[in-house]
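Visitor: If you read the sequences in order, they're chains A and B. Counting from 1, one number per residue, gives the positions in the first sequence under UniProt numbering. Counting from 1, one number per residue, gives the positions in the second sequence under UniProt numbering.
It is worth saying that the hints were derived from the structure and are not from the lab. From the three backbone atoms N, C-alpha and C, an ideal C-beta is built for every residue, glycine too. You may find that some hints are simply not true.
What the hints assert, rightly or not - With the Cβ distance kept under 10 Å, some of the chain B side facing chain A (calculated, not the full set):
| # | residue |
| --- | --- |
| 1 | Arg37 |
| 2 | Arg82 |
| 3 | Leu85 |
| 4 | Leu93 |
| 5 | Ala101 |
| 6 | Pro105 |
| 7 | Gln438 |
Next come the chains, spelled out residue by residue.
2 protein chains.
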Amino acid sequence: MVANGAGDPVKGPQSSCSPLGVDNINPKVTNAQYAVRGEIVIRAKELEDKLHNGEKLPFDKILYCNIGNPQQLGQHPVTFYRQVLALCDYPELLENEQAKAIFPPDVIARAKKYLAAIPGGTGAYSDSRGAMVLRKDIAKGIEERDGYPCDPDNLFLTDGASQGVHAMMRMLLRDENDAILTPIPQYPLYSATLTMYGGMLLPYYLHEETGWSLDINELRSQTYKARSEGKNVRALVVINPGNPTGQILSYENQVDVVKFCKEEGIVLLADEVYQANIYRPDKTFTSFKKVLCDLKETEVTVASMMSISKGFYGECGRRGGYTELVNVNSDVQAEFYKLASINLCSNLNGQICMALVMNPPKEGEPSFELYSQERTELLASLKRRAVKLHKTLSSLQGVTCTEPEGALYAMPHIRLPQGAIEAAKKIGKAADFFYCMQLLEETGIVTVPGSGFKQEEGTYHFRTTFLVPEKETDEVAERLTKFHNSFLAKYGEPEQ
Amino acid sequence: MVANGAGDPVKGPQSSCSPLGVDNINPKVTNAQYAVRGEIVIRAKELEDKLHNGEKLPFDKILYCNIGNPQQLGQHPVTFYRQVLALCDYPELLENEQAKAIFPPDVIARAKKYLAAIPGGTGAYSDSRGAMVLRKDIAKGIEERDGYPCDPDNLFLTDGASQGVHAMMRMLLRDENDAILTPIPQYPLYSATLTMYGGMLLPYYLHEETGWSLDINELRSQTYKARSEGKNVRALVVINPGNPTGQILSYENQVDVVKFCKEEGIVLLADEVYQANIYRPDKTFTSFKKVLCDLKETEVTVASMMSISKGFYGECGRRGGYTELVNVNSDVQAEFYKLASINLCSNLNGQICMALVMNPPKEGEPSFELYSQERTELLASLKRRAVKLHKTLSSLQGVTCTEPEGALYAMPHIRLPQGAIEAAKKIGKAADFFYCMQLLEETGIVTVPGSGFKQEEGTYHFRTTFLVPEKETDEVAERLTKFHNSFLAKYGEPEQ
Numbered sequence: 001m002v003a004n005g006a007g008d009p010v011k012g013p014q015s016s017c018s019p020l021g022v023d024n025i026n027p028k029v030t031n032a033q034y035a036v037r038g039e040i041v042i043r044a045k046e047l048e049d050k051l052h053n054g055e056k057l058p059f060d061k062i063l064y065c066n067i068g069n070p071q072q073l074g075q076h077p078v079t080f081y082r083q084v085l086a087l088c089d090y091p092e093l094l095e096n097e098q099a100k101a102i103f104p105p106d107v108i109a110r111a112k113k114y115l116a117a118i119p120g121g122t123g124a125y126s127d128s129r130g131a132m133v134l135r136k137d138i139a140k141g142i143e144e145r146d147g148y149p150c151d152p153d154n155l156f157l158t159d160g161a162s163q164g165v166h167a168m169m170r171m172l173l174r175d176e177n178d179a180i181l182t183p184i185p186q187y188p189l190y191s192a193t194l195t196m197y198g199g200m201l202l203p204y205y206l207h208e209e210t211g212w213s214l215d216i217n218e219l220r221s222q223t224y225k226a227r228s229e230g231k232n233v234r235a236l237v238v239i240n241p242g243n244p245t246g247q248i249l250s251y252e253n254q255v256d257v258v259k260f261c262k263e264e265g266i267v268l269l270a271d272e273v274y275q276a277n278i279y280r281p282d283k284t285f286t287s288f289k290k291v292l293c294d295l296k297e298t299e300v301t302v303a304s305m306m307s308i309s310k311g312f313y314g315e316c317g318r319r320g321g322y323t324e325l326v327n328v329n330s331d332v333q334a335e336f337y338k339l340a341s342i343n344l345c346s347n348l349n350g351q352i353c354m355a356l357v358m359n360p361p362k363e364g365e366p367s368f369e370l371y372s373q374e375r376t377e378l379l380a381s382l383k384r385r386a387v388k389l390h391k392t393l394s395s396l397q398g399v400t401c402t403e404p405e406g407a408l409y410a411m412p413h414i415r416l417p418q419g420a421i422e423a424a425k426k427i428g429k430a431a432d433f434f435y436c437m438q439l440l441e442e443t444g445i446v447t448v449p450g451s452g453f454k455q456e457e458g459t460y461h462f463r464t465t466f467l468v469p470e471k472e473t474d475e476v477a478e479r480l481t482k483f484h485n486s487f488l489a490k491y492g493e494p495e496q
Numbered sequence: 001m002v003a004n005g006a007g008d009p010v011k012g013p014q015s016s017c018s019p020l021g022v023d024n025i026n027p028k029v030t031n032a033q034y035a036v037r038g039e040i041v042i043r044a045k046e047l048e049d050k051l052h053n054g055e056k057l058p059f060d061k062i063l064y065c066n067i068g069n070p071q072q073l074g075q076h077p078v079t080f081y082r083q084v085l086a087l088c089d090y091p092e093l094l095e096n097e098q099a100k101a102i103f104p105p106d107v108i109a110r111a112k113k114y115l116a117a118i119p120g121g122t123g124a125y126s127d128s129r130g131a132m133v134l135r136k137d138i139a140k141g142i143e144e145r146d147g148y149p150c151d152p153d154n155l156f157l158t159d160g161a162s163q164g165v166h167a168m169m170r171m172l173l174r175d176e177n178d179a180i181l182t183p184i185p186q187y188p189l190y191s192a193t194l195t196m197y198g199g200m201l202l203p204y205y206l207h208e209e210t211g212w213s214l215d216i217n218e219l220r221s222q223t224y225k226a227r228s229e230g231k232n233v234r235a236l237v238v239i240n241p242g243n244p245t246g247q248i249l250s251y252e253n254q255v256d257v258v259k260f261c262k263e264e265g266i267v268l269l270a271d272e273v274y275q276a277n278i279y280r281p282d283k284t285f286t287s288f289k290k291v292l293c294d295l296k297e298t299e300v301t302v303a304s305m306m307s308i309s310k311g312f313y314g315e316c317g318r319r320g321g322y323t324e325l326v327n328v329n330s331d332v333q334a335e336f337y338k339l340a341s342i343n344l345c346s347n348l349n350g351q352i353c354m355a356l357v358m359n360p361p362k363e364g365e366p367s368f369e370l371y372s373q374e375r376t377e378l379l380a381s382l383k384r385r386a387v388k389l390h391k392t393l394s395s396l397q398g399v400t401c402t403e404p405e406g407a408l409y410a411m412p413h414i415r416l417p418q419g420a421i422e423a424a425k426k427i428g429k430a431a432d433f434f435y436c437m438q439l440l441e442e443t444g445i446v447t448v449p450g451s452g453f454k455q456e457e458g459t460y461h462f463r464t465t466f467l468v469p470e471k472e473t474d475e476v477a478e479r480l481t482k483f484h485n486s487f488l489a490k491y492g493e494p495e496q
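Chain A on its own, in the form it takes in the complex (with noise of 0.2 Å):
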């Protein structure tokens, strides 16, 4: 550490440690957690590694339920993107002979449509907000879900969903005192990114017995008694569908969402990025910017963020992504532009995948066909995993398993035994940590414990994506049985 007075200039050489260390960097920075990414994961890897070095394990491969990360785990691309992409790329391909007999002329129009009007392609930077091509299908896209006006001007495109959320909390937080409503349990980078950039995560409790459901009393009582104690709330995160809890909102929820919001002067973060993850034929996904509009309200700001990574499709490693703006002043925008501008602007690979996204193809395209049987096989697998990951799951012992309507995850509650949580407080971790680690190390299923998350005080949960392929779910169902059955028989019955 470098010590310094404020006297008169120090010379030469400083103490000799190292200039760069855990205990002199930023304390926001140590402080941020991530479980999704965290100390199991890294686990995973050592494992993973003594796998490939022939080292016999009792299990033959890891499987990374900890993040919805599908074509990881064998998920087939839809082909309509990567052809497009492929093109984009390498425009050679648009004035190869051999080339036209493999790509579709919708796929070769699009790529054709793109390049023009972009300057320099995918080798360039775009305007920092994204091409305005692409900006501009994916206003179309929004217009045809929502049935309202979109204007490009208002979308910003992002290396994935991520990078929308971070700029939205480095806009809200200024102090300690700007509080930001998150649902409990939450995605962790709400968490991190509140700790980075040094705001108060106010925290309001999904109902677990009822669905995860959101109770406006629980955002009203929480948000009077920060502002009792002196904070700024400044907005409210909502995940629609829910991550990690999957459960799809009603749209009378949605209203007394907005309402509240518009009460209360808070800015809403509408997480959407599950918006094409829907399991249940008795539920539909509405934008907080449609609802917005039905209500023809004008003042309530909103931030919608999407993401190529989640949905059907899956493109995690693409990194796309966009935050509309709705009810955002311009001045406002223009910070909003700057911050953009100063990372330059996002991937233009994700940012032709986001529009594809979007304005995918219509029916009598010759890549409709391909693509909606892509797309209707990839949800219907998705479904059937839900169902049959919820039914094992359901079927353990002191385990409850609420039905995920939407997005990607289940998030059983599990009731341990009195000995497990005693041997997890000896090792200084939670008992649901202590849970996911023995299932790591005894069967490869890599899960996420609820405390990552944050949950109601003295419940245990862990998370886990229903993404295993369907050829294997029996294999991993009595994998997870077996597991949860011997760590029962170890550690004792659960309490209740």
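Knowing the structure of chain A, use the given hints to seat chain B on it.
Guide: Below, chain B without anything else, positioned relative to chain A:
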């Protein structure tokens, strides 16, 4: 604004003010400046729209010389990169007989190698540091460049080099007493991130009269002065080759920089993104990593930043880059890894391109000849354009210009007439901003005023890339000269 007392819970609606206004967002955001994409670029886009709408202006297109974005100005991409990228994004081509006739075997082999080693390919999140197979290829390239080992676990792949700078600033800056030695003129990413992360920019002036040279005594005196004022001098930014200044550091100078960092316990942030842009046969690029290794120096911490956006390749839109951490403790590396994991990972397309840049085709491989030819031609063309632009600028009355040795920019020193300085003052602008804005309005050439990079008080400069296509350089030289002369005719002779 929400006004909260510490008394009873506040109920009912807040004031009708927007909950998100420029008056109540984070002042670190509103205070940040980024001239490379600031007001002049916004005006350029307006003018471009006018041209598209058929409006008559004194020029028929906008020439974006504000930013190193070569492909936007028509530079052809390196074929090898694009071929591998297309195959990685659409792997079906690997099995297609027609496609096999299009792609050389080493392109196919490279794509297969990467796809086999990256679970889920470009559609899946990779390790947050970047896919191991790519980090290994990059490490190999670094080893060949420096002649010293490189551990892929010290490499963090990022969405452009900017994200590495963000991460380092986030780690280093705890409060406004943490200062970072920054060259003046500087690349505005540094001033912008210093403002955003709440640190202090501690300037050290490059000496223009000796070719923008870096003076160790200046580093020392600024450090001691800052310490006497209670500041912690945490890091030193060195941009080599220089941006916006184009100079290449001598080896001896680099040794002195390393010694300075060691003596003063200061982290070195080595911005080495222009390492492939060297135009003088008597100059070579040496990485700071190599200097450290030559000196057997194990105490000085270096973060070396590299990008795919610059060099002869200029793959800006792809957003690829890496940070190599040298002499960093594993616990600090773990924090860096955690920061990366909060963003999940950088985009795979950019990651792959970074690996291709650092591990290009080798002699004897099928793609080598074309790659080598493209590389030679691109670098020769950049050099010709640098020489020509330097000649044009040096010929202007009241203008001197250091010859660019590397990078992509010229940074002429312009002596402005008193009349212009006063006219600028009247509209509340810096005089070089005034000059650059008029240059845009009259010629369509977009440049960045020296004030955007900071400069010695009372001097004026602007930065321009030399990326205008060769067939247009004569015309641009003519337009620039004509504008400069008419500017002087209008505002009077420069003072000196």
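Visitor: Are the hints correct? Go through all of them and say.
Guide: Cross-check of the supplied hints:
A hinted interface residue such as Arg37/B counts as satisfied when its beta carbon comes closer than 10 Å to some beta carbon of chain A; here the least separation is about 4 Å, so the hint holds. Interface hint status for Arg82/B: upheld, as the beta-carbon distance to the closest one in chain A is roughly 4 Å, under 10 Å. The beta carbon of Leu85/B is positioned within 10 Å of a beta carbon in chain A (closest approach about 5 Å), and the interface hint is therefore held. Given the 10 Å rule on beta carbons, the hint for Leu93/B holds: about 7 Å separates it from the nearest Cβ of chain A.
Annotation: interface hint on Ala101/B holds; nearest CB of chain A at approximately 6 Å, less than 10 Å. At about 16 Å, the closest approach between the beta carbon of Pro105/B and any beta carbon in chain A exceeds 10 Å, and the interface hint on this residue is violated. This hint is violated: Gln438/B has a C-beta 23 Å from the nearest C-beta of chain A, more than the 10 Å allowed.
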